[in-house]
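Protein sequences appear in the order of chains A and B. Numbered per our numbering, the first sequence finishes at 247, counting up by one with no gaps. Numbered per our numbering, the second sequence finishes at 361, counting up by one with no gaps.
Because the hints were derived from the structure by calculation, they are not lab data. Predicted model, so just to flag it, every value in this text is computed and none were measured. Even for Gly, the Cβ is constructed at its ideal location relative to N, Cα and C. Hints are not guaranteed to be accurate.
[Unchecked claim] Pair ranges (Cβ atoms, derived):
| id | chain 1 | residue 1 | chain 2 | residue 2 | range |
| --- | --- | --- | --- | --- | --- |
| 1 | B | 229 | A | 130 | 20 to 26 Å |
| 2 | A | 93 | B | 287 | 39 to 45 Å |
| 3 | B | 114 | A | 13 | 57 to 63 Å |
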Amino acid sequence: MSDARPLLEVRGVGHRYGDRYGCRDVDLDLWPGEVLAVVGESGSGKTTLLGALSQRLSRTEGNVRYRLADDTVVDLAELSESAVRSLWRTEWGFVHQNPADGLRMHVSAGGNVGEPLMATGWRHYGRIRAAAAQWLERVEIPVDRIDDTPATFSGGMRQRLQIARNLVISPRLVFMDEPTSGLDVSVQARLLDLIRSLVAELGLAIIIVTHDLGVARLISHRTLVMKDGRVVESGLTDRVLDDPQAAYTQLLVSSILQG
Amino acid sequence: MSTSLAGYNIGYLDEQTKRMIRRALLKGVAIPGFQVPFASREVPMPRGWGTGGVQVTAAIIGTGDVLKVIDQGADDTTNAVSIRSFFAAVAGVRTTTHTDEATIIQTRHRIPETPLAAGQTIVYQVPGPEPLRFLEPRETETRRLHALADYGLMYVKLYEDIAKFGHIATTYDYPVMVAGRYLMAPSPIPSFDNPKMHRSPALQLFGAGREKRIYAVPPYTDVQSLGFEDYPFEPQRFSQPCAICGSVGGYLDEVITDDAGGAMFVCSDTDHCERVSAAAAPDTDTDTEEVSA
């Protein structure tokens, strides 16, 4: 696999809500197999940035270039709606903060995991079910719950199911919006462990938005710190957290409660 | 038969309305299975009782037409009788209960057992035209899914059926793919009737009055019922013959005969049942009259 070019090249991206900027002038490169954390306080534009990069928001400025599986580089803003949808079906995943946004709560767990497969043309029930069962096992959901709906699942199970649903198509890039907030610490730790091992195993690239520096420290290679819609600092995670340069990052790092 | 009522335009609707509906119909025929929005009018019956079908029929009917109306396969149910007499009054057309004599057949829930012929038009009354509705409540989103032919969602429904019941348990309004492009709700006909839509020589028109949608399947168009490779589409089958006419291979209704669990299975298509009974016993004509009541 030639990794001569980044998976995602972002230059000068901004998104405006009316005449107010949600985020602006963001530059970043994301390489295959890399986990990039976007941290910052709430209202700093993290989720807006994620929305703009993943084409869920119509971008108002800048450009995002994405390298497809066949190595052609496309400008995402120029892709048709059906091409973007096809990217979602075959190469991208999105893990929402609230699993209910990313799952069909009244469709069984197997149906939830199987849906992306059916959307990409799988038409063999036995094989769809086998793939779903295998993924439930991988995300540590008991396989005998395959016919239960996520409405009957705990918060942690729902989040793991959402991850399975996103990874079943073997995506190349997954966007995650605060996937661990709202879970208790032990469940959070297991989920992060799971994400980390899946990343290593599958070579995914992930952009993960979080306000929790611990999460960034644990799973990300690089970190981007945002404040008031702008990137104030970026670099290797350990460097950013151990030796913060920007005043805001120093404030952020020092405001972690020390146990 | 009789001439139309004084003060009414032939076919009840005014000519501009008919023109609007015909435009929608032409568009529907040109794009098989695509739901065309139309400005549904008030007709003298409540929405949900077949107002879409009535408007389509009114837009295409001419004084030379012969109309048959069935409701659940029967010519003698309230809705069928009143729609028939409505068009006899407002359009002055001849009505019939014989499938092969009719030029227009308006139907709710069935396709007649007698195979339709070229030149016939079947008009379906449709309560819910959107096959994806119960999986995706947003109209903006379902339209987008149709536009992009993104139909994975429909298979989720079938998957859920198999996971729950061990087979595809959808037995009516079974989703079909029209001409390899548009997913279509065939109206609540039993899945038993789905194969009759495939390459039918008759023109098939669908009207949903409350939902304001018209769609169509032109003659000789492919209509495939969805299924999985290992769980293909299976139309319903009946093991016993009709208790009245003795014919096999038709769609049967269960008729409760007493309050002690007694029931009989009879043809839901009354025309077909009478025809088979008459052929079996040509001299007992009065009995078949009794039977259809």
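Hint check:
no.: 1; hint: B/229 <-> A/130: 20 to 26 Å; in the structure: holds, 23 Å
no.: 2; hint: A/93 <-> B/287: 39 to 45 Å; in the structure: holds, 43 Å
no.: 3; hint: B/114 <-> A/13: 57 to 63 Å; in the structure: holds, 60 Å
Of the numbered hints listed earlier, not one is contradicted by the structure.
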